[in-house]
Amino acid sequence: MNLSPLSTIVVRGNEILTEEDVLKRDDEVRIISAISGGREYGLHM
Amino acid sequence: MGYICKLCKGRAVIYMHHHRLALCGDCYVVWFLKQVRRSISEMKMLFKGERVIVAVSGGKDSLSLWHALSRLGYEAEGLYIDLGIGFDSYSEKSKECTVEFAKKISRPLHIVSVKESIGKPIPALVRGSERSPCSVCGLVKRYIMNRFAIEHGFDVLATGHNLDDEVATLLSNALHWQIGYLARQSPTLPERDGFVRRIKPLYRFTEKETAVYAIINGIRYIEDECPYSTDATTIFLKGILNQIEERMPGSKLQFYTNFLSRARILFEREQAQKVNLRPCSICSMPSAEEVCAFCRMVERAGGKFVGLKVTKLENSQTDKGARTKDEE
Numbered sequence: 001m002n003l004s005p006l007s008t009i010v011v012r013g014n015e016i017l018t019e020e021d022v023l024k025r026d027d028e029v030r031i032i033s034a035i036s037g038g039r040e041y042g043l044h045m
Numbered sequence: 001m002g003y004i005c006k007l008c009k010g011r012a013v014i015y016m017h018h019h020r021l022a023l024c025g026d027c028y029v030v031w032f033l034k035q036v037r038r039s040i041s042e043m044k045m046l047f048k049g050e051r052v053i054v055a056v057s058g059g060k061d062s063l064s065l066w067h068a069l070s071r072l073g074y075e076a077e078g079l080y081i082d083l084g085i086g087f088d089s090y091s092e093k094s095k096e097c098t099v100e101f102a103k104k105i106s107r108p109l110h111i112v113s114v115k116e117s118i119g120k121p122i123p124a125l126v127r128g129s130e131r132s133p134c135s136v137c138g139l140v141k142r143y144i145m146n147r148f149a150i151e152h153g154f155d156v157l158a159t160g161h162n163l164d165d166e167v168a169t170l171l172s173n174a175l176h177w178q179i180g181y182l183a184r185q186s187p188t189l190p191e192r193d194g195f196v197r198r199i200k201p202l203y204r205f206t207e208k209e210t211a212v213y214a215i216i217n218g219i220r221y222i223e224d225e226c227p228y229s230t231d232a233t234t235i236f237l238k239g240i241l242n243q244i245e246e247r248m249p250g251s252k253l254q255f256y257t258n259f260l261s262r263a264r265i266l267f268e269r270e271q272a273q274k275v276n277l278r279p280c281s282i283c284s285m286p287s288a289e290e291v292c293a294f295c296r297m298v299e300r301a302g303g304k305f306v307g308l309k310v311t312k313l314e315n316s317q318t319d320k321g322a323r324t325k326d327e328e
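Top to bottom, those sequences are chains A and B. Residues 1 to 45 (the working numbering) make up the first sequence, in order. Residues 1 to 328 (the working numbering) make up the second sequence, in order.
Bound-form chain A, shown alone (with noise of 0.2 Å):
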């Protein structure tokens, strides 16, 4: 899927895996994506 593990965060159930968890067949996850954008540069808060 070409995600990388520093802008994405792959959550099992209630358990957050990191990037050496093996995951099981038929095990559900959800993939999250820790990048936001939009804010405006320069003046920058």
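Certain hints may be false.
[What the hints assert, rightly or not] Covered stretches of chain A (in silico footprint by chain B; criterion: 3 or more residues with CB under 8 Å from a CB of chain B, positions within the stretch not fixed):
(1) 11-17
(2) 22-36
[As the list claims (entries may be wrong)] From the structure, some residues in chain B lie toward chain A, with a derived Cβ separation under 7 Å:
(3) G2
(4) Y3
(5) V13
(6) Y15
(7) E207
(8) K208
(9) A211
(10) I235
(11) K238
(12) N242
(13) E245
None of these hints come from the bench; they were simulated from the model. Glycine is no exception: its CB is placed at the ideal position from the N, C-alpha and C atoms.
Assemble the complex: chain A is given as a structure, and chain B must be docked to it using the hints.
Below, chain B without anything else, positioned relative to chain A:
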């Protein structure tokens, strides 16, 4: 076999390559709070007895910041700016997350409506302006946050900017050699005439780290991206910086902290004599021109600033500070 927590040997939920540190959920929260306390102290952000307002958007960073400050004993109040972005019910959803969180930690929340204060919501201001949507929104938010803090007697304004925000901004400003902006990019901007002190206590955390803090603590935040920001340059720059970080762990933090310790002062000196602020002839807030950028933008878009329209939700405090999910 996943990572093992360095402190308690339990199952780790995060491995931070740049710190070479794996932590479980409980140890991560303790570590996170220690880092926030350290940033506040080292960067002289907050002092005893000061009133602090946290600008909250309903996103992971600002809600995590408010949560962390509450956990550390700061009786911070929240300020939510209703931008009036109807697309995908963005403003509605973000407000809902913020109101729910304020109730959960029993802290007062102030809500300012852009539409009621200026006569037009952000989308209408964007249509009437030559600026980019992020620039219009940033200008409006900065103006409202500062004006609100001053009018309501707050000493400090805290925002949830994280390391990725700061590094992306630094890179953009350096690419264009924006000396004035580089001179003022700092986790603490001291108060001066017409401006409250502005602080960014999360400046050492990556976006992923603040998101993990939010998830562990059961903070429900808006995951949707602002509909105006989908093509934002920020996201592109953050992606590039993460590619560098993957190849050279620690680059982002080092780039920013070295800028703060070695380079920023040079830009600050260069800029020191150049900016003379005076009261805006329309709204009296500090301005480099006769009419401030906010008033010019509002006028061009056909709006009229009639004063901040604020709703306050008290959320009477029955307990002190926020609690983690496990404590509830």
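(request) Tell me, in ascending order, the numbers of any earlier hints that this structure violates. (result) Result: no hint breaks.
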